[in-house]
Amino acid sequence: MGRGPRIGVFVCHCGKNIATTVDVPRVVEALARHPGVAYAARHEYMCSDPGQDVVKKAIKDHRLTGVVVAACSPSMHETTFRNAAEEAGLNPYLVEIANIREWCSWVHDGPVTTDKAIRITRAMVEKVKGNHPLEPVEVGHAVKCLVVGGGISGIQAALDIADAGYEVLLVERSPSIGGRMAQLSETFPTLDCSQCILTPKMVEASRHPRIRLLTYSEVESVTGYLGNYHVTIRKKPTYVDPDKCNLCGDCARVCPVRVPSEFDQGLSERAAIYVPFPQAVPSSYTLDEVNCLGLNPLRCSECSKVCTVGAINYDMREERIEEDVGAIVLATGYDLYGKEMMGEYGHGTVPDVIDGLEFERILSAGGPTKGEVRRPSDGKVPKEVVFIQCSGSRDPELHKSYCSKICCMYTAKHALLYRHNVHDGTAYVFYIDIRAGGKEYEEFVVRAMEDERILYLRGKVAKVFRDGDKVVVWGVDTLTGKRIEVAADLVVLAQAMVPSAGTEELARKLHIACGGEGFLKEAHPKLRPLEALTAGIFLAGAAHGPKDIPEAVAQGSGAAAKAIAILASPTLTHSPEVAEVDEDLCSGCAVCVPQCPYGAITPGDVAHVNELLCEGCGTCVAACPSGAMRMKNQTDAQVKRMIQVALGGEPVEVSRG
Amino acid sequence: MAAKPKIAVYWTGGCGGCDVSFLELGVALLDVLAQIEIVFWPALVDTKRADVESFAPRSIAATLVNGTLRTEENVEMVHLLREKSQLVVAFGACAYQGGVPGLANLASREDILHRMSTNGFHPTPPPGGEREDAPPELLPQAKSLADEIAVDYVVPGCPPMPPLIGLLFDALLSGDLPAPSHVFAHDKALCEECPRTREDRVLSKVVRPHELIPDPKVCLLDQGMICMGPVIRGGCGAACPKAGMPCTGCVGPTPNAGDPGLAMISALGSLVRAGEEGPGAFAAEDKLLDALVDPLGTFYKYSLPAYVRTGRRSNR
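Residue numbers (my numbering), protein chains in the order written: chain A, 1 to 657; chain B, 1 to 316.
The set of hints was computed from the structure by calculation and includes no laboratory data.
There could be a bad hint or two in this list.
To be verified - Below, in silico cross-link-like pairs of lysine-lysine (DSBU-like), each with a Cα-Cα straight-line distance of 30 angstroms or less:
id: 1; chain 1: B; residue 1: K301; chain 2: A; residue 2: K640
id: 2; chain 1: B; residue 1: K242; chain 2: A; residue 2: K509
id: 3; chain 1: A; residue 1: K405; chain 2: A; residue 2: K201
id: 4; chain 1: B; residue 1: K217; chain 2: A; residue 2: K509
id: 5; chain 1: A; residue 1: K482; chain 2: A; residue 2: K339
id: 6; chain 1: A; residue 1: K380; chain 2: A; residue 2: K460
id: 7; chain 1: A; residue 1: K370; chain 2: A; residue 2: K339
id: 8; chain 1: B; residue 1: K205; chain 2: B; residue 2: K242
id: 9; chain 1: B; residue 1: K205; chain 2: B; residue 2: K287
All of these numbers come straight from a predicted model, not from anything done at the bench.
Starting from the given sequences, assemble the full structure and let the hints guide the process.
This is how it looks when you write it as structure tokens:
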């Protein structure tokens, strides 16, 4: 350099995408006259190999000190042109994209379009003049992965990563892995026994030499950045040695405490020392400290007295496990929207108004009724059952605005299994629409409607209330316009899916975002559905949004592949286009610190930016009261100059035929 | 022995505090006075405009001007002093950026004169006096010194603090002069000197100084006082925050802060949290910031003429 900038400008026609509304030769002509521009050219498709060759050749022939490609959004081809420039010997960070497609040709027409394209391109030329060559930041990384959530999605992710040869920490909050799928009776549309297809995977995860299973554990804190996350996990004491416990169950039989079973959705009771379900992994009892009569001082100790193998240890302490991991997969799953929120359906106070998961437990062979359909209030076999879809879903005024996606399918399954179970029973399904998009899903619903003679009524239920031992359902069949009243024995609500409790807290610990409904937010809804916005954190399963089992499994595998890509790379690079502190100007006021969505700034006498954590969003730069924070290659001076050039000067006269 | 440097001190539209501030140097003032020759200082020695007019051009080594420019006479005098001086120093907040009298720019000259004298104020000579004895005409707007003449250096503050005045005389007397336009204060913001701790950087309420006895250790901004510290140069030793009063900005903004009001609005906008999430958050934060009475007087207490373009609308 030294003799002033020599910028090359390359304007793309993008076929007709740009050229229809922008006079491309005119843009080239105008930019060729712009101060500091040494070369200007155009091409039909600048991103094609011949197009890139034009850029590369010009860099060498004209000794360019910077390049502006006027084309589509930088999210499309910035990398393409930066790589091309690097091949030609120009630092890639001296290449910028002027977006004259999404910002210009697609959204305007008429002569102003060409004028605006010229202004956008000129502004980027001014930016490039202020750019400095930068080098990507290189960093080593840990070769272990953390998977949070031991449901089917998390299990699948853990297995795939471990099978690829990397260590996995699989953290599950409850005493057993298995998640929601372990609670289900049978799965749509094949009516496979849910536990039968799940438990082999659970066992595989527990036996896998590279998977460390941490059940009854929660993520306490996460610090660090892509490739180098430092995680602290709190493992609660189970007071039972899993290696000694032989699942004989004597302890639970003598335990004087009975509390509602979480696994059976409160439809049965468990002791304070319990195993959630027979196939639990790890296969060991857990002493639930909260409900035990007392451990310190010991109030009862009946369980210990009857344990012949001496597995019970009241002195067990909470463990804190600290590990460095390269990537994190979040598969924290879902809960059902609370029945108590449904005022129109009895606020959850009517015993025979249950939700879908409760009905799954009733249908399940291992459930509270051993698979016989009996209603909770009096154990009678219900002869008329009403299923209500979209309970809490698709109701922006009162509840959740979104579709919970799986309810149409599992309601069809519920009604069908009910009819298989109670041959003389009648099943009604109230629905708004049937959404059965999926392999063999539509056929399954049709089978329920036609072969199983389930009464599908299109309409919403207005009210559900108790009348004697009946549950009366008032609704409307919008297809016939008739009011419907059913004196049912049991009502099953297809409650909306919501993110599992604690999702938001976990997201805060990880500095990642939740969408408006609290589900974990992906980096891009189309092109980066598995990634959180923070690099190295991936999303799987229903924590990201309502999903059925195949989707949760696919996403688990997908997230695993993303994680493996990090674990397998020799070193990681990070963009150098990050914030930096002018230490001569920073007073340490720390206004920037809480603004950083990535936790990249450490306060002190002067603020310190961790360039590996910084994603270059610029929030701190805007917040800094004394102008001490700067974005590399995006300084205030550059931005001011860009604005001056973009808004200054006379409009370009363009005559168009 | 070389001749002592000739020094002039002049006041325009000020309160006199800047003149008094020299006394704050204490014993050190005697050393300074021994090394300079005062050729003009209306507050201290009996010298007249005619004396200045008789000086040779650039014969004064340095002229220190304090006060905002408010009258035609102020303007004439500073042009005269500029001609006779090698260096001109804007001394104090008024000369630097307009100061507290600069807030008068929020009202038109006519409104100000009407308020001073309900019948309107007309400069007239005193009884029996000559026409030139009449009070000078008020300018339409208050101005900073740099709006009229080239300013070489700035000693900021309202009034300038002894350490900053000391820096000026050290430079003048040693001959080791800083680059033009130098401001004799720190480039870092006042927070650097402030002993208060900054932990929970959230603005969850806005209070005025009389509404709160602040915790003596915690950052005033964190306690809801609009402290200009993060935007304003240090050098004053954070005297006000140490005494439990928020910084009002008399030393002026740090070199990269730009417009101090905009910088502060941006910082407050970043810090404010009304404790509400979701769609209502912005409205709740707006409401919280509504408690900030007199934003212009808070953000531009000493600098309105330098940053805020005020109209000439008459309120009458």
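These are the hints, each one checked on the structure:
For a cut-off of 30 angstroms, the pair hint linking K301(B) to K640(A) stands: about 27 angstroms separates their Cα positions. With a C-alpha separation of about 35 angstroms, the suggested pairing of K242(B) with K509(A) is violated against the 30 angstroms cut-off. In summary, the hint linking K405(A) to K201(A) is supported, as the alpha carbons are separated by about 25 angstroms, within the 30 angstroms threshold. Simply put, K217(B) and K509(A) have alpha-carbon atoms about 29 angstroms apart, close enough for the 30 angstroms limit, and the pair holds.
At most 30 angstroms may separate the alpha-carbon atoms for a hinted pair to count; K482(A) and K339(A) meet this at roughly 27 angstroms. For the hint pairing K380(A) with K460(A), the CA-to-CA distance comes to about 27 angstroms; that is within 30 angstroms, so the pair holds. Of the pairs offered as hints, the one joining K370(A) and K339(A) holds, with about 24 angstroms between alpha carbons and a cut-off of 30 angstroms not exceeded. With a CA separation close to 21 angstroms, the supplied pair K205(B) and K242(B) stays within the 30 angstroms bound.
At roughly 10 angstroms between alpha-carbon atoms, K205(B) and K287(B) fall within 30 angstroms of each other, so this suggested pair holds.
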